[in-house]
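Can you build the whole structure from these sequences, using the hints too?
There are 4 protein chains.
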Amino acid sequence: MRGPNDPDRPNRIARAAITVVAEHGIEALTHRKVAAVAGVPLGSTTYHFATLDDLVAAALDEAAERSVTQLRSWDQNLEPDVDLAAALADFVLASITEQREHTIAEYNLYAVALHRPHLRQAAAAWDSALAELFIARTDPLTGQLIATLTCGLLMQAVLNDETPTHAELEALFRRALAGS
Amino acid sequence: MRGPNDPDRPNRIARAAITVVAEHGIEALTHRKVAAVAGVPLGSTTYHFATLDDLVAAALDEAAERSVTQLRSWDQNLEPDVDLAAALADFVLASITEQREHTIAEYNLYAVALHRPHLRQAAAAWDSALAELFIARTDPLTGQLIATLTCGLLMQAVLNDETPTHAELEALFRRALAGS
Amino acid sequence: MRGPNDPDRPNRIARAAITVVAEHGIEALTHRKVAAVAGVPLGSTTYHFATLDDLVAAALDEAAERSVTQLRSWDQNLEPDVDLAAALADFVLASITEQREHTIAEYNLYAVALHRPHLRQAAAAWDSALAELFIARTDPLTGQLIATLTCGLLMQAVLNDETPTHAELEALFRRALAGS
Amino acid sequence: MRGPNDPDRPNRIARAAITVVAEHGIEALTHRKVAAVAGVPLGSTTYHFATLDDLVAAALDEAAERSVTQLRSWDQNLEPDVDLAAALADFVLASITEQREHTIAEYNLYAVALHRPHLRQAAAAWDSALAELFIARTDPLTGQLIATLTCGLLMQAVLNDETPTHAELEALFRRALAGS
DNA sequence: GATGAATGAGAATTCATTCAT
DNA sequence: TATGAATGAATTCTCATTCAT
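Protein chains in written order, with our numbering: chain A, 1 to 180; chain B, 1001 to 1180; chain C, 2001 to 2180; chain D, 3001 to 3180.
Keep in mind the hints are simulated off the structure, nothing from the lab.
The reader is advised that the hints may include incorrect statements.
[Unchecked claim] Computed from the model, here is a short list of chain A residues facing chain B with C-beta under 10 Å:
(1) 28
(2) 110
(3) 112
(4) 124
(5) 127
(6) 145
(7) 171
(8) 172
[As the list claims (entries may be wrong)] Simulated crosslink set (BS3-like; lysine-lysine; CA at most 30 Å straight-line):
(9) 3033/D x 2033/C
(10) 33/A x 3033/D
(11) 1033/B x 33/A
No residue lacks a Cβ here, since even glycine has one placed at the ideal position from N, Cα and C.
What follows is the structure, encoded as structure tokens:
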């Protein structure tokens, strides 16, 4: 259902906003571009998100939620006796290849949250979810370490034109997990 | 010297750009705001940086350079027998308190670099400098680990309203250094 | 009765329009604001007044009617041997204090009528009523003089931040009545 | 001189604003219409008058100033032994015929001033000028009476489709002057 | 070299109006 | 009948950029 009464329209608009941010950056996020990408009339974007701020907030929420959902699903699908270091390397690689657009959008939106206090909560939620999940699999200190490391890795990796190898990533995680 | 012939004007403009980005985000960076913050005429900003893109690039270069310079100076001033974990915790804390504006600007500018390939080099330089420096103090794997962890920590810390304690930071670094 | 079937709704909407005009001026009159002030759904304003022009016309009619009604009631309640100059001063004072909002709205709506020929009739009606009434109490020339003077006084008074004193107003009216 | 460097541009824009208001009312005053009437680029209107409020204020000032200037010039050109009642009738007639556009604009702008406190000063200045001038020719009470009467007459006359006759106006003024 | 006036392109946003329900 | 979701048109306003001085 994609007509004027599509109840999913707000979501579609938010997802389009994520795409625009991923492709052109937050400074290129305009109602017009989002409308074009979402395939909805211009008025529809302002109808559902009265101000650009609302749109950014919705996009940030949506991105964070999708991210956490994906992370949890990844976590739950791990084999019981999985090699965590290798699995984490897989996760990071997926995040910067197939999920690249999404990861880039997320970091952009995080950057926006830096100077919009009311968006910080959503941004912090992802960090917390990451940490909690890894803590559950290891211990508080190691979990936090892995979480923060992952955050840094993703950021550095999407910024670099060269994708790190699985071996490099795995070595880092193995090293981080070593002391536990 | 602050007149029309001040040879430091380009730098002053670039620094003003960093301030604007730190305070209002990249999407609020305009020639006008920069001119106002720098205390120079509007025409001066376009004279020295023909397009807004040039200005962003200059700001990113300046931010990265300042950051690396500061990092190196921190490194060189460390006592020979310093406790690295504690020193790193100090560094992170300073980055998110006294240097907060600068750190925020830096992450904003990195976010911009995500979708402007020609800016990525400058952004990646900071990552490299960080890694090299820590590698020199430890070993390749540990150094990379510490560098990436620092990157993640700064990002997370600057996003959170609560400043992490020195103890928490130190514990994380100590844990990361443990296996070396 | 204030539900969907309230037969007074059109009137309530028209009165809300007067309030909006009084507070923010004709250029701020929108269906949305009127709906909010009237406490009715947005659709209700367009249902009863298909276009904004219709709404303005209804507001002008309502304002003129209220004004005339009030004027007549004031006239009928005058003591037989009243001092007309003093009574007129009372009337003007009341118009720019208790009735201030209404007076302001009226002048705004008159201004609108200046370039909407079909609204001029309603606007002119108030002038006529005023004149007729004063003529009945005096003579054609004096009545017209008093009416026009009142019109000017209201406009000037409502534009000035300082309220004229009763004595000033009375003196003016007494002077105007002097020749009769 | 009508090019980009015409120093009279702000004035021309303000005058165009008066024309627009006179023809279509304050609610139709837009930067676009003013630019079209003034024959200047759209950007020029916002360059010289950053907000629509500024433009309205400039128009009001200009209208009030022109009005006062004209009034003073009329006053100074009166023959020493002129019949004031007849001269005033002439003045009013001219105001609603040749000067009709200007008079209408003025009343519109006064209406705007009703809910924009910072514009009221300019509006009140015209009233004061009118009163002072007539007071100088008569006495305080009569002068004020004539001034207010003139104000009311102009308002009523521009609102009516029928122009009052010279005789009617003269009779009113003669009656108002009678007691002096 | 330096400046700031000028302008055209494009932004967010608002809203009258329509129309399905 | 009554509503409010939806949209396209129009508005104010901002600004990068150009260019005469």
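Quiz item: Can you list which hints this structure breaks, lowest number first?
Solution: Violated hints: none; all satisfied.
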